[in-house]
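Colleague: For reference, the chains in residue letters:
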Amino acid sequence: MNEAQLYGVCGAGLVGIGLYGAILGRSTLRRLLAFNLVGSGVFLIFGAIARRGGLAGGAQSDPVPQALVITGLVVAFAATALAVALLIRLATVAHEAASAAATPGSTDDPSTPATASQGRGERGPGHVGAGHS
Amino acid sequence: MTLLNAIDPWLAGPRSAELLFPTLALPVLGLLLAPLLGARWARLLALASLVVGLVLALACTAALVAADAPLVYALGGWAAPLGVELRLDGPAALMLLLTAVLLLLIGLHAAGEFSVRAAGRRATLAFWTLLLGVWAGLDGLFLGRDLFNLYVAIEVLTFSAVPMVCLKGHAAQFQAAFQYLLFALLGSALYLLGAGLMLGVHGTLDIAQIRVALDAVATHPPDIGGDARAATLAAVALMSTGLLAKTALMPLHLWLPPAHGGAPAPASAVLSALVVKGSFFLLFRLWLDLVPDLPQLHVGLLLGGLGVFAILLGNLMALMQARLKLLVAYSTLAQIGYLFLLFPLASGASGGPAATAALIQVVSHALAKASLFLLAGRILVAFGHDRLPALDGFGRAMPATLLVILMAGLALVGLPPSGGYLVKSLYASAAADLGAWWWPPALELGGLLSAAYLARILSIALSPAPASGTGTGAAAGGGHILRAPITGLAAPALLAVCALLLGLLPPALFSVMDVARPGMGSATAVAGVMLSALTPSGFWRSAGPVLTVALVVVLFHSAGESAWGRRIASIGRGVAGFEGWLRQWRTAGALLLLFLLIQVWTSIG
Amino acid sequence: MSLADAFTAVFVSLGAFFFFAGWVGLVRFPDALSRLHALSKADNLGLGLVVIGLLPQASWPFGTLKLIALWLVAVLVGGASAQLLAGAIHAQAAETSTGGEPGRGTEAAPGANGNDKATS
Amino acid sequence: MTGFLLIAGVFILLTVLLGLVRVLRGPGDAERLMAVQLLGTGGVAALLLLGSAIDLTATTDLALLLALLAAFAAIAFVAGLGANPGAFTAARPVSAPSSHSNGDSPAGD
Amino acid sequence: MPDVSLPDPHWADLPLGFALLVLALWLTWTQRDRAAVIGFTGYGLLVAIAWVRLGSMDVALTEAALGGGLMGLLLLTAAARLGEETDQPAPGLPARLSIALLCLGVTLVLAAVVLGLPSPAPNLVAPVASHQAVTELGNPVAAVLIAFRAVDTMLESVVLALAVIVLWSFGADRAWGARPRALHLGPPSPALVFLGRLLPPAGLIVGVHLFWTGADHPGGPFQGGAVLAAMAALLWLARLGEPPRVSDGLTRLGIVVGPLLFLLIGLAGAVIADAFLDYPEALTKPLILLIEAAKTLSVAVALALLVAGPPELPGPMPPRQSGRAAKGVTP
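Residue numbers (our numbering), protein chains in the order written: chain A, 39 to 171; chain B, 5 to 609; chain C, 32 to 151; chain D, 5 to 113; chain E, 217 to 547.
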């Protein structure tokens, strides 16, 4: 049971725990965090495979799985950043909708656009008029 | 004629493999240039690169047919297993062509809706950049042979598809996009895990090399290769489960209805017609090209069973939907079920007639569904909503749109000479060869159910305006329909006609799919099927039941309240409740893991 | 056992001892502030000693320079973040002690509620 | 020599991992951050010792990087506090996680 | 003192592996999101140590820079803005048992496959070592990333650029020209401003060093870019700088220059050298250096903007659960 196998089994355990949290997590942020646990478990298994290959090939670690993990880590981070942005945006829009509902006076709530974009003939109302560059 | 023989080495000569990397590089280049050019120019860039892409796809197909062998291109000059290779074979060429044609048509249709004037700078830049992103991801999926290269292509596809859902910025769309993102990322994690284990077992990620290693293992006595084969099949089960989550095969479909139902019309068309097919195509590669003996494994039964479940539940739910776009989204779920009948019926090295049926289903569903979603978008624009109960008589206000809806719907139902009919009869002949009598009835029942919801749309469209005439009915309140220009019908009509007349194409064209897939015999299979279809008896044999079901639905719809109506409505609520439970996050997560374990057990056991 | 190895052994074991002391401080001390004091002192010193211990092992000149730079950064960052944490603990302690209504009332903890007119 | 460094590294690592118990049991967020702080510096020290067997220069780079970023947990936490003053639980467990009732968020500038 | 024989590696790995599992369990079970996120930053550091034990220094650097620094910042700012909203009821015992059983099954399958991997582990160490000379790079991982699997690395930096555009598309229509403001989390305390002035210069040096040494030693553009991004985020957090506007042309060029240069040089390779993404013999080293420099810049800009969030208009930061409005959001 060398360290490669030990960390491989540890990675498998992390995937199991992460999946449990991702499915049963009570808040969306917690599920996202559990999803990152699954990711780190997957990459640890890659690391165990890299270590096994490395030791068999006479190096510290096999460079190809290492390169795959680096690429995977960056993609996983980008995915988490998008999920966090979606979460915050979802809460913001729900908050604005609620405050708009709470104050019926507000007429043209820009965040809920007019009926789906008009046909070709007319200019759609409520679009960004300011001439941002 | 110097141009022709100048490009001859590429089209037929030794350098034809060099057509592959521009097919991948072009959409990526467009994707990177779009943000630099800004919203106004991004649209022109996207449409221009789509035209060039179509030309490239045609050139690739011509080169493939001329070479009559797979085109392989080692990127950077490094061959597998060290480097990454691109490979073009029959199915990949077909999918490249379908993607280029469909994205170009949808792009031209959406040019009006997503212009800076109509949708604002943010939505315009986002839509056109994401359209190029989807195209880049799909091309990477179709040409890829390396499991990790395919993973990065899936990520490009997912990162482009999810934001298309929430382009318009409503709270419900953000909720649908978040759920789609998280479930798709769960799928990607499982796929990556499978790819990693494959690297651990075989030391290579190239599908062809793993297939060679597995063939060698199969010939050894089981104890030597035993655990290598078991480990490989476990890795394939992991990857397959991840891809099931991304293909939204029922019951792992929680994200699709809100996502495809809530997205803007052109985005829904791209998502339903192409994005979902990308991950299915990877399943096609895994189970047919990587696993040598799929027909001997029981996992085909599991996937086929889920396909039938999807056909029945998807169509039933579509029948009961109150909103038109949700109805079309659920019909997508049902049509995805047809694709998965490939796995129990695959035979021989390349999958035989079942593989031909699956590929034709991909094409015909893509065409018909893109047309339906674009038409649903027109109705949404014209009436401001797409709630079916409040759309009585919309057919009289928009007769042309109704006609095209019927054509696309018939292609889904599968009357000859449509693509749907080809799919059903090819599957039936494959089932007959294998003696599996229970698959074809499920196909027929699926066809009848889709005829039912088409009839429901028809009866709503032609029903007389309600007595109150308070403007809820479209015909009565004609005043507030916004004139949707007739030119907006060009793309959907063209798509619907193609889907409807797919069977009339000369069978030789279908042989494109056979390149590099020995023993598929698509041309002969299609010819055989179409012969019996065009005879009057053959036509009525399939059209008869469809018309009777349509009549029953129209009568039931116009009859209004009745004892029968209330009983059926209560059954409907029960089915809807069950489907709603399936679409809860925890249930879907549990089912995902359950199917992972069952696939591992059935493919090894 | 060359002189360098002896030097390393002595300093590294001293460093390890201080880490142990830091941990004992974290577990044993009663309230947050004293724990923070014990912790940040002990482990910065621990790291410092370990770095000094490793100096002879590192390659001259870049290895040793990097080790020294490492220790400098660790000390500065350790001090600043200890300060950050202390500020946060004070803010919370003051907040809970003023009527327990966090965030309400004017004399709420300084810093956390100061409506700083920073330019948007 | 590398044997001794490994042992010392393991010892410091064990100390740091025991410090993690404080993260699990720590009543307040401050304790958790302190434990992460200890993990930061202790981890860097253990890393240096464990990594010296493999390649000291690369390990020093990694240690330098960790030292730079170790403070980020505390920075982000305290900055996060500014936006959400009520959510911080002190050492003495406050009765219930305070659901701040004030609508007017002071944080916005 | 006699030279002690090399201790059995289990001394370091068993406790570390066990600690990772226990911490993961705690992250799943603890009540409050904020405590879980703080624990997660600690978890990132532990995983970096595990990668050192596995002998992959490059991945340890990436994990430390991304997992320890930027991910902690991202999740903590999210926890701050979202508060403790729970949108799912506590799971009942049957649900917990069945999911736990399924997860245990998945873990057992994975453990069985990992332990059953073939004994002479198939690997690509020799092929990489033998072909590495072509790329004139000392670091084998860099050689794999920039030459042998160049398409994956190029597509991956395209994904990063695409992610920023997607993040911006989540903003509101009226906020399109504005600046991202997710890092505007209340007035910075003096200690934060001090760190904001102290760390970035050191971080800049370390980042550039990591990029430069990446050719022959562990390091590289992703690691260097991640450190630079962390420093930029620190500057914005300490209000010593402002994230750029979405419509700023230079920023968009910064995001896209890495992958675009990689693609263009790759296409040129198809003409000059003998294949797409191949490098002409004479110009290999300078071209690779140029690509890696552009990639470091793009990764730094993209990661920093991903942490900074979508563009928002100045004004109160609404979604902080002051009302229970967001409660009604059930999937």
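Calculated directly from the structure, the hints in this document are not laboratory data.
As the structure is a prediction and not an experimental result, all values here were calculated from the model.
Each hint should be verified, as a subset may be incorrect.
[As the list claims (entries may be wrong)] Listed next, the in silico SDA-like pairs over lysine to any residue satisfying Cα-Cα at most 20 Å (straight line):
1. LYS172/B <-> PHE410/E
2. LYS72/C <-> PRO92/C
3. LYS172/B <-> LEU506/E
4. LYS72/C <-> LEU60/D
5. LYS172/B <-> ALA388/E
6. LYS72/C <-> PHE93/C
7. LYS172/B <-> GLU528/E
[As the list claims (entries may be wrong)] Non-contacting residues of chain E with respect to chain A, defined by C-beta distances greater than 10 Å in every case (computed):
8. VAL263
9. ARG312
10. PRO336
11. PHE364
12. LEU519
From the three backbone atoms N, C-alpha and C, an ideal C-beta is built for every residue, glycine too.
Colleague: In ascending order, which of the hints set out earlier in this document are inconsistent with the structure?
Modeller: Violated hints: 1, 2, 3, 4, 6, 8, 9, 10, 11 and 12; rest satisfied.
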